[in-house]
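Number of protein chains: 2
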Amino acid sequence: MREVAVIGIGMTEFGELWQKSFRELVAEAGVKAILDAGIEGEDIDAMYIGGMSTGRFIGQEHVGSLALEVAGLEDLHIPATRVEAACASGGVAMHQGYIAVASGMYDIVVVGGAEKMTDVVGGEATNILASAADREWESFFGATFPGLYALMARYHMHHHGTTQEQLAMVAVKNHHNGSLNPKAQFRREISVEDVLNSPIVAEPLHLLDCSPITDGAAAAILAPVDIARKYTDKIIKIKASVQACDTLSFHSRSRFDSLPAAVHAAKKAYEMAGVKPSDIDVAEVHDCFTIAEIIAIEDLGFVEKGKGGKATEEGLTALDGQIPVNTSGGLKAKGHPVGATGVAQINEIVMQLRGEADKRQVKGATIGLTHNVGGSGGTAVVHILEAI
Amino acid sequence: MREVAVIGIGMTEFGELWQKSFRELVAEAGVKAILDAGIEGEDIDAMYIGGMSTGRFIGQEHVGSLALEVAGLEDLHIPATRVEAACASGGVAMHQGYIAVASGMYDIVVVGGAEKMTDVVGGEATNILASAADREWESFFGATFPGLYALMARYHMHHHGTTQEQLAMVAVKNHHNGSLNPKAQFRREISVEDVLNSPIVAEPLHLLDCSPITDGAAAAILAPVDIARKYTDKIIKIKASVQACDTLSFHSRSRFDSLPAAVHAAKKAYEMAGVKPSDIDVAEVHDCFTIAEIIAIEDLGFVEKGKGGKATEEGLTALDGQIPVNTSGGLKAKGHPVGATGVAQINEIVMQLRGEADKRQVKGATIGLTHNVGGSGGTAVVHILEAI
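Residue numbers (my numbering), protein chains in the order written: chain A, 1 to 388; chain B, 1 to 388.
Each hint should be verified, as a subset may be incorrect.
DSSO-like mimics (lysine-lysine), calculated; alpha carbons at most 30 angstroms apart, straight line [as the list claims (entries may be wrong)]:
id, chain 1, residue 1, chain 2, residue 2
1, A, Lys230, B, Lys268
2, A, Lys268, B, Lys230
3, A, Lys267, A, Lys230
4, A, Lys183, A, Lys234
5, B, Lys268, B, Lys234
6, A, Lys363, A, Lys267
What the hints contain is simulated information worked out from the structure, not anything from laboratory work.
Turn these sequences into a full structure, and let the hints guide you.
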């Protein structure tokens, strides 16, 4: 199998984008990535697009074909494939794009992710998102994602002594990072008190422990490393791309303070890349709720199981910490257009490894990691990237 | 890239299966395919599952993870990926599975397709299916799939002299074949008069010109040819696997009496397989409406453009004809659980090439083809298989 590189990135602003349609978001992210890579439309051999519930958010399935039409490349008749794995749809699109290029099947592949979530009324978005859990055995009985992650938080607090203040510190850190990211949905600082004083959504999670409902799209251009130099000098190599799955239902999971699929994906990714957790300079992890980031940094081996809250409190994951996490603002502050998130994470890490992250730049970052999760851990995707 | 074979197949009965849930359908098809291949669950490296609108039909996204849990293989933490391309979701799942094995990324891959369409009320299924067309520019203004294919039929009748009777003959043939298939939704013969006397759905298409709303699932096991013999002697090689796309919207298409994506996919598939249309012994094509089969046999090069109606009338595509088409009964009589269809087509061709098709066996069939279409032609997937 061939070595694969990211040679271009692009994304829209994230937020409540009332003035932009799904197809406009797809077009904007895709065009930016194509321009960034210096390729022509005719160079593209295939497209993969992640979308979680386009059928319910905008009444549109078959968004692979839509993406091809939006790109104006219909006469090429190249394959354009939608993949779906709930909030890991973008990460899975990256993994399928990686396989397609590594295999030799295709050379230049566009990977995209998009979701337009604000076109449905109030609580309907939470109901749609609950279709990422087990509909028959969880959602029907009232379980929502804030509820499922609240169970993880309670378990973590009980067994490991994690505090509400430590959870809040994840949000405070990510809002600080978001304030430095012009594309983030929330660009204002918040305090621990703000989080603890915000309304309870599902105890112990407050409103400011939760990622928001967001519109947005992101794209990345993949190419074999040996062809990449034809187009650009800004080559970021994909050292590892691993997708792992687990039970759909949270209640069937073997443990509640960890996502075994993420642990498995991380372990395989480190092996594939030949690196250790301590080699990672910067990481984007799936902080759909504050507890999710604490569990993620443990599952990824940055800290021991149970020490994630304490490590956050001590600044390990801050922008100037030992391993900066969610420099983009994460899902919490940058926003979480579910199908786009996995590809947006790749955008941030590529910017960091190119040294283009401006005020949130991690100095000397050469190896970065992304961690994208679907549902309560039914799917996890880990990528490790390196500047070469 | 490695040569890939289908080493196992399985499918449920197709029909209005009130007593079976989506997950039961997935389990049944998967287990049958695993038993057929003679593999163990632990041998499986990855899964791909096609589903068109599970979010709207059953309120469940993230069905890759669901399939892994249903299979009881969560402890393997293998990747299980849903792909979606409207009614071509099953064909696209096959193509992604093919790439995954051919690449060397994975050895044993389970490909599945499933849809549970009868759990929604009456007209809602047609509305959900319309999400495979362009929601903003077609469906919002009242276009349904019977309407879009009726436009193709009108165009074909006007320009090529195709008659309503010839359209009806497609349904008559496919119902005859369906009467020989114990898994078909409709197992009774119908006459040309039955079709012409059935209610108009979208002129000139009558009810019996249309494929039905169906529940069902199908699966296939893929492996590299050189590993396949470890498990089975019944090896069917995939000589070609090609996915092509086009505009989502029908009105943007370059012509109305052909699906350019299907023409493109077929051309590339013939090249990849090193065969001509006249080498194909048996084919399953995407007859979502009778006109679709006529256009398909032209697009695949079995007959010249415009001659599909006449060829059907003359028996070219009958079970005892020169190139038997839709021996399973096709989408029309076997049924059309949209996400499953592409994989069900593979099931039929594998049975034919193994000589296991019983009363509908095409004698001496060694090369078979499948043609799976999404929407009004936004996606097309062509596979060519050969008994070795």
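Status of the hints after comparison with the structure:
1. At most 30 angstroms may separate the alpha-carbon atoms for a hinted pair to count; Lys230(A) and Lys268(B) meet this at roughly 27 angstroms.
2. Between Lys268(A) and Lys230(B) the alpha-carbon distance is near 27 angstroms, which keeps this suggested pair within the 30 angstroms criterion.
3. Taking the CA atoms of Lys267(A) and Lys230(A), the gap is about 33 angstroms. The hint is violated against a cut of 30 angstroms.
4. In summary, the hint linking Lys183(A) to Lys234(A) is supported, as the alpha carbons are separated by about 21 angstroms, within the 30 angstroms threshold.
5. Our distance criterion of 30 angstroms between C-alpha atoms is met by Lys268(B) and Lys234(B), whose separation comes to about 27 angstroms.
6. Between Lys363(A) and Lys267(A) the CA atoms are separated by roughly 26 angstroms; this keeps the pair inside 30 angstroms, and the hint holds.
Consistency with the previously given hints fails for number 3 only.
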